[in-house]
Amino acid sequence: MLSRVANSIYWMGRYLERAENTARLVNVNSHLLLDLPRRVKLGWEPIVDILSNRELFHSFHEEVNEHNVVNFIIEDKENLGSIISSLSAARENARTIREIIPRESWEQINSIYLQASENKEAIYSRRQRYEYLKNIILSNQLITGLLAGTMTHDEGYKFLRIGRNVERADMTTRIIDVRSASLLPDLEHEQTAFENIQWMGVLKSLTGYQMYRREVRLRISRPDVLKFLLLQEKFPRSVSHTLNQVDECVATLPKSEHVHSSIGVVKKQLLQAKPESLKQDKLHEFIDEIQIGLSDIHNELSRVYF
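Using our numbering, the first residue of the sequence shown is number 997, and each one after it goes up by one.
Check the hints yourself; a few may be wrong.
What the hints assert, rightly or not - In silico PhoX-like pairs for lysine-lysine, Cα to Cα no more than 25 Å straight-line: (1) Lys1116 <-> Lys1073; (2) Lys1223 <-> Lys1270; (3) Lys1251 <-> Lys1200; (4) Lys1230 <-> Lys1200; (5) Lys1263 <-> Lys1251; (6) Lys1275 <-> Lys1264; (7) Lys1251 <-> Lys1270; (8) Lys1130 <-> Lys1200; (9) Lys1278 <-> Lys1264.
Treat the hints as calculated values from the structure; they're not laboratory data.
With the hints as constraints, model all of the structure from the sequences given.
Following this line, the structure appears as structure tokens:
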């Protein structure tokens, strides 16, 4: 397989996953604001922080409000991490490898981009925004199913899975890092109840609430949520599961020793840290180390294969 083709498949997987994760994040934040009392100032700024775009956002907008953040995160083409930018990049990568992926999946990727671009005015109405983002999420899941069910599971499909899971691990760590830091430090006797609502929001951002309740039947708590989202090997969006998926795919590729070693470093960090017991400052440091490790995995993939 040409390195150019492997690179395009890898990035197609990453950009599709990024668009889906961002859509989930915006929808969950809208619902979370409705569940919290008005005096609790959570707002939209954490969404910008999760996506590491604070400086770019403020270069375009003076005020951090719902309209500006929704515009920036969903439709702004100057923001390369926006949903429409991600779908556009996924579409371009898919276009260059149309002979590699099933035709139906290319048509679906093209369709979701066109629909998102043509209907973007809907994002400024909360009710219409929910349907708009829901359509992006379901369309992405359809693409994932199409590729799993119709694409030959060869090296190309493995690079697709690697891209998807590297992106998924990155988003999971970002959500945990920013959301755990903004969990209502100023509330006293009411803090526990509102913390539960926000940790529920963290789980829902990753579509993990129901699976968490199956696993942990007690009241939602910070240690249990952290353990579930970082270490639960059977939950598809946990960091541990995504690393195992990348490792499994890489193991069948040639010259994979250095990539496998980079993955092993991050997996070891996860197991040794006991993240569920970390206080906020230590958790932030730990997440930084994991994200640096994920960047090292990406760099090794690029060096060896792309």
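So, against the hints stated earlier in the document, which numbers end up violated here? Violated hints (numbers, rising): 3 and 7; every other hint is consistent with the structure.
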